[in-house]
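2 protein chains.
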Amino acid sequence: MKKLINEPDAVVDEMLEGMVAAHPGLRRLEGTEVVVRADAPVEGKVGIVTGGGSGHEPTHAGYIGDGMLDGAAAGEVFTSPTADQLSEMIQACDGGEGVFCVVKNYEGDVMNFETAIEMAEMEADTDVEYVVVDDDVAVEDSLYTSGRRGVAGTIFVHKVAGAMAHRGADLAEIERVAEKANDRVGTMGTALTSCVTPEKGEPTFDLGEDEIELGIGIHGEPGTERTEVMSADEITDHLAEAVLEDLDPAEGAEVATIVNGMGGTPLMELYVVNRRLQELLEDRGLETWNARVGDYMTSLDMMGCSITVLELDDELKELLAAPAETPGLTVTEG
Amino acid sequence: MKKLINEPDAVVDEMLEGMVAAHPGLRRLEGTEVVVRADAPVEGKVGIVTGGGSGHEPTHAGYIGDGMLDGAAAGEVFTSPTADQLSEMIQACDGGEGVFCVVKNYEGDVMNFETAIEMAEMEADTDVEYVVVDDDVAVEDSLYTSGRRGVAGTIFVHKVAGAMAHRGADLAEIERVAEKANDRVGTMGTALTSCVTPEKGEPTFDLGEDEIELGIGIHGEPGTERTEVMSADEITDHLAEAVLEDLDPAEGAEVATIVNGMGGTPLMELYVVNRRLQELLEDRGLETWNARVGDYMTSLDMMGCSITVLELDDELKELLAAPAETPGLTVTEG
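Protein sequences appear in the order of chains Y and P.
Heads up: the first sequence begins at 1 in the UniProt record's numbering, then just goes up one per residue.
Heads up: the second sequence begins at 1 in the UniProt record's numbering, then just goes up one per residue.
Bound conformation, chain Y alone:
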């Protein structure tokens, strides 16, 4: 397998250098794989941070900027960041009002964040709260995870927490909206091909030429089933129906959606999926207020996509519509 990399063990370091070189609003904490806003800490605002394994770009550091994240810690590919680096990030993003962490539900991430939070509280007396995002409706208790996994719905949690912090809310208010978004969002994904890690250089799992995997995790963790190749419409129906069954949105509810690419699928195909998704939502009497299509949380070079549906209320809509400017997501005024 061919990749645009140098030494596999340098890929995270070199990627972060390339990100910071492209985006002047980002700064790397020296000697770490932590990226923060260039002007961090922002005085008088709760800092919003996240972190996790690399290989999911633009997740995580791609959502740093005004109205979203203050910091993101990058682990090695598909590996949690260390508690030391997470603690350093938390302390670097505390502008006096405390720090809120958005943690995806993987055992290593949760454990290292919990340790890091204790360290930051002990070492710097930082007030910290956190949410554990578990939007993947496919499976419970997967590889690396007790309970449900945290996947692309996390982008919505970043957005609402970031907007809430930007308008001056305190930790408790931010925790409330982050929990609300997590309660009201569901995601399910599919893989057409396996991802290939730089280290291993070959597929993480075997998938036949005529097979796809439904319910796949973003590290290639097993999903719900393997089936024969299906059409885009059939796949969309399968994913969207599983999400809606879990979410059970109110009749006539407004929703925000993401058709998320896994890294190796072209935008053309994601739009084909979005066409069917929007048709299906309309048939169900749901109203799409905002539809995102693109690579938001990838799995290296995996071909495939995930579908995310968030059931809105007025507060969530207002927070999603608030301006944000980051490398991976921009929302403009009005």
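Bear in mind the hints are in silico, worked out from the structure with no lab data behind them.
Please note that a few of the clues may not be correct.
To be verified - Straight line, CA to CA, 25 Å or less: simulated BS3-like cross-link-like pairs of lysine-lysine:
(1) P:K200 with P:K45
(2) Y:K317 with Y:K180
(3) Y:K2 with P:K180
(4) P:K45 with P:K317
(5) P:K2 with P:K200
(6) Y:K2 with P:K2
(7) Y:K180 with Y:K2
(8) Y:K45 with Y:K200
(9) Y:K200 with P:K2
Following the hints, complete the assembly by docking chain P onto the known chain Y.
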């Protein structure tokens, strides 16, 4: 090869439906594969339009919006739009000040645009001017092309022409800045794998497991050479040096750059390329004013990237910095 599509011959139609469903600022001209601004034509402003084969998303319709394009015509995959549809687009985007067309240098595109322009002039008395973009420094007289090919540098031409029209410039002024941007931009690409068209379902060209192709075109047209797999830094040096040799920028010049993904390469790898590119430009005494990294002009699911360098002057900088809001590129005030 597996793809998220339904019938191969429906893919362009379904992609356009999915785009328009995602982006309320876009509208499809009924019965065509033409997408325009929802509010087209904008009275009192020169309309900026483009078009070309599908499979390069977000090119072309992804750059429709305030400050960039008014319309984009989609051909079948890797096939020029018809003169009829191009003419319909031109007429739909004329708000009384005429229409400016950004044409990439492929024989079919140029021929069909020239015919369409004659049709629009005859049928609707529309004033039309155009630029033929030919930024690819790799080869002259390739498959489908006399002279150099038009590739990712076209994004800069869209941006400066769109900004100029937005501020009320006339056709001649827009033509001048579009020609200037085209004169000062160079691009070169590489493929790690072939693209796979929906129609054919197998690789367009054969590339060995240990081979890459330098100077590749965005339809898989032959490049300058095939070599053994190289590191990201070696590839970056090769591409950037070819571009700089052709461009021959002034000592100490300011530049804008794009590391463009071909569709199947993850963002992680594009940032690794950007790291080396910025290092090399600094070593050459050039100053990067703005660096873009992402999928701007793709080649279906091809793995690989291209590097674009634009030599700036004050006018081009001002036009690139002007606000724009499109699905594929957003520039915010300040």
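Given the hint that K200 (chain P) pairs with K45 (chain P), does the C-alpha gap stay at or below 25 Å?
-> violated (42 Å)
Compare the distance between the alpha carbons of K2 (chain Y) and K180 (chain P) with 25 Å, and conclude whether the hinted pair is satisfied.
-> Roughly 37 Å between the alpha carbons, so the hint for K2 (chain Y) and K180 (chain P) is violated.
Holds or violated: K45 (chain Y) with K200 (chain Y), Cα cutoff 25 Å?
-> violated (42 Å)
Under the criterion that the straight-line Cα-Cα distance not exceed 25 Å, is the pair K200 (chain Y), K2 (chain P) satisfied?
-> holds (23 Å)
Measure nothing beyond the straight line between the CA atoms of K2 (chain Y) and K2 (chain P); if it is 25 Å or shorter, mark the hint as holding.
-> Within the cut-off at roughly 19 Å; holds.
Would you mind confirming whether the straight-line C-alpha gap from K2 (chain P) to K200 (chain P) stays at or under 25 Å?
-> holds (12 Å)
Take the C-alpha atoms of K317 (chain Y) and K180 (chain Y), compute the straight-line distance between them, and say whether it is at most 25 Å.
-> Cα-Cα ~12 Å, so holds.
Restraint check for K180 (chain Y) with K2 (chain Y), where alpha carbons must lie at most 25 Å apart = violated (42 Å)
CA of K45 (chain P) to CA of K317 (chain P), is that 25 Å or under?
-> holds (21 Å)
Hints 1, 3, 7 and 8 from the earlier list are contradicted by this structure; the remaining hints agree with it.
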